[in-house]
Every structure is written in C-alpha cells, then in structure tokens.
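K.L.:
Listed below are the residues making up each chain.
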Amino acid sequence: MNRERAESHTANVAGKIKSLRKMSELEVEDMITLAEEMGRRLSSREVDLKRSQIRRFLDAVKKIEAQVKRNPEQFSRESLLLLKPKLAYATGRLREGKNNPLGPFQEVIDPAIDRVKDYADFMRFANFMESIIAYHRFHGGKE
Amino acid sequence: MSQFKDLVIGSLLHDIGKLVQRADPNPSSKTHQQFGADWLEEFDFLKKYSAYSLWHHTREARQEKVPLLMVVNAADMLAAGERTKHEEDAKTSWEREIPLLSIFSKIRVDDGDSDPGEASVSSPRYYPLKQADTVFFPCHLHDEIKGTREAYAALLSGLETDIRAIERAFGVNTLLVLLEKYLSYVPGDTRVEGGAPERDPDISLFDHLKLTAAISSCLYGYMIEKQPDVDGWDEEFIYDAAEKRYIVLDADLSGIQPFIYNISSKGALRSLRARSFYLEMVCENIANRILHTCGLERVNLIFSGGGRLRLLMPNTEKAREAARETEKAANAFFRDELSGSIGLNVAWEEFAGLEMMRSSEQGGESQRSYKKVLEDLRVKLETRKKDRIIDELIERRFEMLGPFEPGEDECRICHCESDELEPLREHAEGEEPVLSCPLCRDLYVLGGSLRGLERLWMSEDEVSGYHSLRLPFGHLLWPKDEEASEPEGGWGIVLDKRWDADSYHSPNDYGLSYPHYREGEDFEDLAEKSCGAHWLGILRMDVDDLGRIFGGGIPEQEMSFTRISVLSRLMNNYFREVLPSVLRGGAEGYENFTVLEDTRFPRPLEIVYAGGDDLFIVGAWNHIIEAAFDIRETFALYTCENQGIHISGGIVISRHDHPLYDLARIAEIAENNAKSVDRSKDRIEIFGRTGKWQKYSRAVEQLLLPFLNLGEGKGVVKKTENGNKHAELALSRAFLRNVMAIARRYESLQRSGESGKLAFPYLAYTVARARETIKKDGHNGGELPERWMTLERALFDIGNYDILYSLASWADLLSRGGRTDE
Ligand SMILES: [Zn+2]
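First to last, the protein sequences are chains A and B. Position one of the first sequence corresponds to residue 1 (the numbering used here), numbered consecutively onward. Position one of the second sequence corresponds to residue 1001 (the numbering used here), numbered consecutively onward.
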C-alpha cells in the first residue's frame, strides 16, 4: 500500500469518527471494521507503530475503565481528556523526519475522545482502542 | 400337527419355489409353483406342504376346490396388495437378476419446504443378495448387486442345510428364523407385467411369506368361528374381502422411563441393563401370551420393540377376549410385583381385507386405507392410556414416580418399600451393604449373566435349582444357559446364536434380535475408558417425524398393509441389528467416525436400550459423541440417504456418580432441544449447543482437528504413567481456554442484544499470539500450516459461533490429564 493511499485510509476512519455525535452511536460492526483498518494501517511497514509506543495510552484507558465499571454513574470526562495532551506530547516527540508512527493514531483517537460524553460513549471508546491494538498485533504489528 | 399349523407352515412355504427357480440353471423349464413342490417333496417332513406350493395360485386352487389352498391364495393376494394376482409368472430368465429395492428409497416425506412430488432420494438403492446374518447397507445398482444364479444357489444350499439341521425342532417359529435368514434380501416378486418389467420389487420374499401366513391364520381363525366345518367353506366365503375379518392390535408399556432410570447409582449399570432387558422380556411375554391364548403363532407378531408391539389377529371373540384379559392380568402383575410403576395399554381396530390393499386397485370404492386404519388405532390407544391412568387414580393411591431419597425400609436401588431387604451382593469388610428388594437382586444377577447369554427359557413351571425371574401371567424367565431339563410348554429364546440352526431345540424355540452389547462393569469403569477427562456420556436419539414417515411416506397408490409392516420391521432392524455392529466397529461398507488415532473397537459403552425408533446409550464420553456421528451416518446409509428421514439426538456429559434419573432427564431435554430448533430437525446437541449434524461434522474438520493436530491426521493420544490416555493439543491450553472464553462472550453478547462481534478483537489478539508461537516453534519452516489457516477462517466465521464452544470443550476434555475432579 503506498503512503498516500494509506493516509487517505486514516483520513477515512477519522472522517467516520468525526461524523458521529457521540461514540456510542458507532455500531459494533462498524467499530470492528474501522479498528481493523486502523490496526492494519498502523502495523504496515510505512507506519510501523510499535505496541510499546501506545501501551501507555491503553494502560491509562484500562485504568479508567476499571474505575468506572464499578460505578458507571461516577464517570467523568476529565480523566479521559487528559489523554489528549499526553498523546500530543508523545506524538511531538516522535516527529522526526517524514515518518511519525503515532500521527495516524492521534488523528483518529483525538476526535474519538471528543465524542465521549457519558459512560456508554466511554465503553465504546475503550472497545475501539482495545480493538485497534488487537488488530495491530493481528496484522503483524511489533512489540 | 394340527390343520391350523399345517396351514401356517404351508403359507410360509407357498412361494419357496421362487428361490428354487432362480437357483436353477434352467429356470423356464417349470413354473415356480412346480419348482417349489418338487423341492418340498425332497424332504420327508415337508412333503405334505408341496400342495401349498403347487396350487396356491388362483386358478388351480379354485379348480381343486381345496378350502385351505384357497385360503392361502386369498391371503397371498391380500399380502401382495392386489385384488387379482397375475395368472402366471414370466418364464424368462433375466428377471432373476432384479435385486431388492430398499423401501426407504420410496419414502417421500413432505417437510413443507420441498416441492410436492419431489423425490427425497436422489437415486434408488438396492440390497445385495446375501444372508440376513451379515450387516450391510443398501447401495447403488451395480453388477454385483444383481441376483446371479450362483448367489441364489448359495442361499438355497444354505437353506437346505439348515432345514435338515432343524428337522428335529421343525415348527412355525424355527421355520420363520430360517426364512428370515435366507429370504430377507430376496425380492418377492420379479415378474413381468404386459411385457415390461414391473417397478422394482421392494418387498422381500421373507416379508411376503410371513405376512401371507399371518393373513392365512386370521382368515382361518375368523372363518372357523363362523363355520366350524372347513369343508363347507366355499369360494364366495373364502374370498370375501369386504367383511371386517381382521384386528390390528397395538400394545404399549407406559412408565418405562421411571422404571429403568429411577435407580440409584449403586450397581447401576448392571441393574440398568437388566431392567431394560427385563422389560423386553415382559413385552415378549405379553406377545406370546396373547398369541398363545387365541391359538396364533409368531407369524402374527408384526412388530415388537421399544416397549411396543403390534399383532395381526382374526376379528374373533376369542382374540378380543385374549387381548382384554392379557391387559388386565399384566396390569395386576405390575401392580403387585412392580408397585404399579409400569402399565400395559392395549387397543385394537377391526378392518377388512380390502383395507389392506393399494388404493389404486380399489376402483373408486369408498373405504379406508390401511394408513387410516392405523390412525384410528392410534387415537384409540391414546384414549385407552388416559382412561387407564384415571382408573388407577381412583382405584388406588397414586404414587409419584419422581426420584426419591432412599429411606430406611426402602430398596436402595429402586426405592420401593420391601420387607425383604437383603444385601445386593457380597460386600467387603467395612463397606456399606446395598440393601435391595428381591426383584432388584434378581435383576442384578440377570445383569451379570447377560454377557454371552445364548438362551433363555420362558415357561409356566419352576425348575428347582435354577434362578428364575417372575413375569406376568405366572410365567418365569430362566436366563441360565444349561442344556439340562428344559421346562415343557414354554418358549426357548435364542439370543446370541439366533442365526445358527443348531441352537434350536424345540419347535417353539424362536430367535430374538436383541441389541446385545457389553463393555463396562459399571459407570465408573466406562468413564475410565474415556480419553482425557474420565467422564460419562449419555446419548439419547430418535427418528424425527416418525408419524410423517409412516403416515404419508409411502406413495398413496402403493400404501398397503404389507409395506407398512415391512417399513416398521426394517426401522426396528436398524436399532436392533445394525447399531450394535456399528458400535463394535464391524459394519460392512462403513468406516467409523473418529477424531483420534488408534481408536479401539468395540467402543467402551453400553446400549441400555435400542429398538423401535430410538435408543439410549451410556459410555466413555468421547466415544459417546463419536458413536452419535456413527449412528447418524449409518442410519442415513441404511435409509438410502433419504432427505426426508433423519434422526436427532442429545448428549449429556457428566461425572459418573451423578444420579442417573437426572442424567436421563437432562439428556431428554438435550434431545428435545435438538428437535425443537426449527422444523428441519436433523440435529445433535452436545455440551448444550445444538447444531445440524452436517454443521457439526464440518466443524470437526475445521475446528476440532486443528485444535488437536496442526499437521496431518487425527488427534495424537499419549499415555501417562498411570496408564490414562489423553490427547495432545496442537497449541497451548491457554489458547483453547481463550477460544472458549471468546465463544462464551460471543454467546452472552448475542443474548443481551449486542453484536457478538465485539468479541472479535480479543479473538484477533489471541490468534495473533498463537501465530507467533507457531512461527517460533518453526512448524513448517516458519510458514503457517494449512490446517491453521483453516482454523483461523473458521474462528472468524460467525456461522460457527453457535457450536464453537462445544467444539472447544470437546478438545479441552480430550486433552485433560484424566482426573475426574478437573
Ligand atoms: Zn428394588
């Protein structure tokens, strides 16, 4: 897959996310399709994202999930919103030369975070994130 | 011998000339009547029956005006389902080659989906010309299927040898065994009609002869009551087919299930087997008693199995009285001896000769078909059952048949109250004795002697020194295999060696096909022979839509008494004869279903019951599953892969010490689940997951085998130090457990209204990790094996998710260390 087409795929996924009002509007079937597309893209030779590079974000999401699963009514967006600057910082650090492996990830995750309004949105977001990482590995993504 | 017995034997032999003719190098030199008569003349003790062969056809019998010969002629026409029989047999030799068509080829069951008139069978199947003591399946027509002179000659010479061997014990019953042995696959009728071959014959010569004899004996019984002077019977009287001269009688035992399964697990397998066998014998006894009371022979027994029996009887007061009286006496026995847990229900329907025949021959006359006769009978039997239950309720306290907690003075096995409790068997010091009632003790002894049991006696007298079991009507059952002093006036029942002429000692002896099979001493024993986890499997299966098969399966224009009788005999035959061979691994033309290398036969399991249209089997759990597939496949072969005939089943897998009644109940639920998913049935439930057989076998290829072995071949079995066997897994147990978790997650998501696909990312992750392991292990030089790719595709196929858990559990249990507590 050439770089341009790959980029347009990311844009496509980001576009889909942006077209939603809330993350919970994302149907499971679509979510799986988008996550697989992302996973394939991120693991591709052109992007070559390592799992260790996003592990921290997944861990953070898992942590929130563990907290709110016990008390869904106590869910608040604040902790999740904190991820955005963290992600921006990490992406900035990696921006060397043409290749930025976190770029496409940030491009999709940022608008997804914006669409988390309540607990249901968060759970779908968490699924989406986990799914991307699962498919990243499925398609040969490195540790 | 009495006039009546002569008539029955004459009827049984009337068409024997067909076999002789087809075995002859010059078949057109004589008629089959002449061939038969000449052959019978060769035996001193058969000479007197030659007239039945010579004159059984219309013209001669009527010309000679011998009443008994006319009776056979009239019966012959009714058995053949025709109003007028063709005058002559064709004398060309080619017709000898026409083989017997399987009647299952003809069955067309309308399942509501297929086009009316569409055949349920893609092409007809035929039987090879063989003796009935070998198990084989009907197959497509090819050269070897055709009836050669040599094949006929071999059958004839076998029959001649056996006839000589039973001369000493010659009678209706023994003759019947020989005819079944040699004529079951001989086509009854291979004549030519109007220069063109008639449709392929589907009635064997054995069935034709037996049913002709049954009808003859009814005609005789009916007419002799009306007109005791046989010489006064004229042609008009004998050939009257409009009078209701016949009774078809159905009897059925209710309460079988609690009687068999409500036993505790102490000595359970032996007791279970014995109880099931005992019920078979009770059924036999009821049939023998009714027939004996009204002077009939076993040719009148149309069908027996599964606690049910059907008789064809003359419509006489004597016969009706015998039926009424037998029902009463049997129920009195059950009340006194078995605390009323079993009940006998008897009903009958009167009908006329015309109602036995094909409807196309009836020229617009308004009359019932035989199918309708049976429908009316079924309604009567249902009503009878209800009435009888209400009678019982009023008459005596109603005992719930549910499982009991054993109490102080209760038999520890069947939970009946008894003052004669004694230990069931010798017990070791410090071991708790199993206190049981006399019947349970007797049945326990019987259970132990069933292995290799060749002969039983059913008699009215006790013989001292022998252990006997009480049956209804004051009869006794002697399961001992002793040569000495057989009681007079009973029946000798030949079990294991029923095809050997030498096994028959008296004219009353008869052979009984009983699904004889013996592997374990007890449940624990069977469970220990499992691969992997030492668990027990329970399988229940029965034929789907039996009513539709019998009610509408035979084309209307061919519906006849004979065809329905043949169909029920053949259906029963699968469960009695074919099934045990399949489980032993010895069915010709069939390779047993196995998922492991080196599966040993016979399978470690026990047929608790098989007959009629259903079965109940217990055994080593992995063999139980495989056996279910064997049964489905061989039943399909047996029934010509007819799309309208199928079988469904349920399997329960459990620890061996779980209460049996509960396992029987859960297995029944599983079976019902398999039957109720949609109208198509044809399903199996395993591990609580129901699927079509075909889907399951595909999943075995695509999922189970790859779980066990990513290379070629089947699962590899390893023996541990303590001798236990378990299958190796192709990948880690963690992988398998993850697949099980994913399958469960999928199911629960779907149940809660979410998409089960939410489980797929986890699957992707699990698959990715497994791939890495395979590559690291250097299988296939780093390439992923083909079987792995198949597995991946199957895992991502949502079509598999209703049974995926089941397949993974199967692999998981196979690979366990062999401890029951896992
Ligand atoms: Zn008892």
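I should point out that these hints are in silico values taken from the structure, not numbers from a laboratory. Some hints could be false.
[Claimed, not checked] No more than 20 Å apart at the CA atoms, straight line, and that leaves these computed lysine to any residue pairs for SDA-like:
(1) A:Lys69 <-> B:Lys1328
(2) A:Lys142 <-> B:Glu1783
(3) A:Lys69 <-> B:Glu1754
(4) A:Lys62 <-> B:Leu1758
(5) B:Lys1318 <-> B:Ala1352
(6) B:Lys1719 <-> B:Asn1800
(7) A:Lys16 <-> A:Glu130
(8) B:Lys1675 <-> B:Lys1695
K.L.:
Now look at each hint and say whether the structure bears it out.
P.N.:
How the hints compare with the structure:
1. A:Lys69 <-> B:Lys1328: Roughly 69 Å between the alpha carbons, so the hint for Lys69 (chain A) and Lys1328 (chain B) is violated.
2. A:Lys142 <-> B:Glu1783: holds (18 Å)
3. A:Lys69 <-> B:Glu1754: holds (18 Å)
4. A:Lys62 <-> B:Leu1758: Holds: Lys62 (chain A) and Leu1758 (chain B) sit about 17 Å apart, inside 20 Å.
5. B:Lys1318 <-> B:Ala1352: OK: Lys1318 (chain B) and Ala1352 (chain B) at ~18 Å, within 20 Å.
6. B:Lys1719 <-> B:Asn1800: Violated, because 32 Å separates the two Cα atoms, which is more than 20 Å.
7. A:Lys16 <-> A:Glu130: Within the cut-off at roughly 18 Å; holds.
8. B:Lys1675 <-> B:Lys1695: Cα-Cα ~15 Å, so holds.
The structure fails to meet hints 1, 6 from the earlier list, while all remaining hints are met.
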